[in-house]
Structures are given as structure tokens and as C-alpha cells.
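**Student:** Sequence:
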Amino acid sequence: MITQASGNLLDAQVDALVNTVNTVGVMGKGIALQFRRAYPAMYREYIKAAKAGDIRLGRMHVWTNDEALTGPRYIINFPTKGHWKARSRFTDIEAGLDDLAKVVRHLGITSIAIPPLGCGNGGLDWAQVRPLIERTFAALPDVDTRVYPPAGAPQAADMLNHTCRPRWTVGKAALVDLIARYGERTLDVSIIEVQKLMYFLQEAGELLRLDYQKGRYGPYADNLQKVLQAVEGHFLTGYGDGSRPVASAEPIAPLPDAPAQAADFLVDHPDTLTRSQRVLGLASGYESPYAMELLSTVHWVATHESRPVTTPDAAASAVAAWSPRKATLFTPAHAHAAWDHLAEHGWLHQQV
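Per the numbering used here: the sequence shown = residues 835 to 1186.
Worth flagging that the hints you see were computed from the coordinates, not collected in a lab. Hints are not guaranteed to be accurate.
Dumping the calculated EDC-like pairs for lysine to aspartate or glutamate here, alpha-carbon to alpha-carbon at most 20 angstroms [what the hints assert, rightly or not]: (1) K882 - D900; (2) K863 - D1045; (3) K1060 - E1084; (4) K1006 - D1105; (5) K919 - D900; (6) K936 - E901; (7) K1006 - E1139; (8) K863 - E879; (9) K1006 - D1056; (10) K863 - D1098; (11) K863 - E1084; (12) K919 - D976; (13) K1160 - E1121; (14) K1006 - D1102; (15) K1048 - E1139; (16) K936 - D1056; (17) K919 - D1045; (18) K1060 - D1105; (19) K919 - D1056; (20) K1006 - D976; (21) K863 - D849; (22) K1006 - E928; (23) K1160 - E1178.
Go ahead and model the full structure; you've got the sequences and the hints to work with.
**Tutor:** Structure below.
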């Protein structure tokens, strides 16, 4: 029996859950990241198999949940693409479904939950993938097959997380502390604002090893996302699985007790606290995604371009040249005001 399901796939009460994976051992986003957090032991086995070359397109990787008293007995990793950056192909989904059917028969699975294979980051059309799944499981009428169409990720707080709590480091403590103190001034803290707070903290001299580049919303460090993944559900909440577009992403907020723990940790790191306070001083009056994007963009063109600008007029022109979006969004007057604010707080030409 095939039914269309809704809600959080990981909450399905079935014999087997299907997880979509690549063949190179990366579960960094979307439903794969949700599985990684919910079943850390499975993730470790998947990594070993990927390193051994045993994760292949068209072949299932099955992990048995030996400790399961309730919930799924099996997690079936379904390779939908080779490299995590690649697009999925229908031929690989078809071959994988054939092998999945064999696995279901062999293990005697009576109920299974299946996500939208190869859709989302894989780029395939659900209207074409769904018939492939239905055709495959029509031949298994005794299996309770629950198919989940694309519906977006569940709320961050509803995602299972059985990973070990990471240890505090200066960088993690500074991240939580900045978000907590900045958040006291504003209703919500967006992922854009988190990126900019850490950008300015690094610019203030904190050794964070964040690789900032020019992005759509100003300076952006992709490796900061990995830090947010690690602390999600332990120190912070809101990042979730990182799959939501920026415009619809949840706000990032510290979990109870995390700000106090971060503050206690930073007592022994007064230089970091001084830099954080300097960032908060700069952010005063600019507490919004729009304003922090503007401030960081103006700072970038004055400090990181191959030919840094040296006047507010040049900064306004450089901001407009960044992208058509910025040219429309940020007026010359706004760029001038941001330049003056940066200069007043000592962030231009004398960075630390």
C-alpha cells in the first residue's frame, strides 16, 4: 500500500527510514544532516563505507539500529548523487529503486518512509520522481510505503539530535555571547546578522579562521555554517539543517543557560571580550539584517577589494557595483552614513 505522508519523516513509525546521501561521505545539509544528528552511529558507519568506496550509485547502504526498542529498525542510505555538489540523475534514482526493492524483500521490511529522492538539492522534478517510486512499490503491495513529497524542513526545535554536546572553545563561546548580547537589542537575530557579527569579530583581530568572501548578502563565510551545524541543538537553535533560504530561515537564538556558560568561559579570555564589545559598539543603531549587510558591505569595499575605496562617494559606487540587488537596495545616502559610522568607530584604515 502506497500513501502520501506529511510531517517529519524521521518521526515516522516504520521498520525502515530512507535517507538520501552522496557517495563521498558528506551529510552536510538538508535531510541527510537531520539523519546525521539523529543517528550518529549510522553516520560513522556511512563515513567508513564511503572511505572504503562502498557507497555507490544504484546500491543501498543499510544500517541496522540494534538498540531500537521503538522507531526504525533500519536506516537505508540511498545514494542519489555522486559528489555532494553534483545534480541527481533519473537513471541513478531508477537503479537505486530497483536495489531498494531487493533490500526490502531481503530484510522482510513491512513499512518504510521515503523522502523525495533526488529533489531539492538534487534538482530533479518531483512530478517525474514520484511515479518511479510508485511504480517500484506497486510491486510490493504488502509493504506500507509512506512517500513524503517536497515540503521543506521541519522547525529546528523539532529535529532529532542525538549528537554529543561539543566542548566550549573561544570561537563557540564568542559566537553564543555575541548573539545573546546583540539579541537583547532586537526581536530576532537572522543568519545574515550572525554572519556579519562574526565577520566584524574576525576583523577586530579574533583568530577565527573564517573564510569570508563576497556574497549575495555581503561578506559570507561558508565554513561558519559548519560551526552553526555543530552547535545547533546544543548551544543555539534556529539553524536547523541549513536548508532554508535566507529569506525564510528561522532566527538564531541561544538555548537556555548557553549565554551564561559562554560568559563564564570567556572570563579567562579578556581580549576576546574586548573585541566582542567593540563589535557590539559598532552594531549599535544598526541592529537589522539590512543595516548589518550595509555596514559589512561598505567595510569590505574599503578593506578587502583589490583596490580598496578611500572616500564615501567611492564606497557608494562600489556598493552599487557589487550587484544589481545592492544597487537597488542601498542608496548612496545609506552608504555614506555607513561609511561615517565605520570611521567614527575606528574601523576604516585602522582596523584593530
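**Student:** Which of the stated hints cannot be reconciled with the structure, identified by number in ascending sequence?
**Tutor:** The structure conflicts with hints 5, 6, 7, 10, 12, 16, 18, 20, 21, 22, 23, although it agrees with all the remaining ones.
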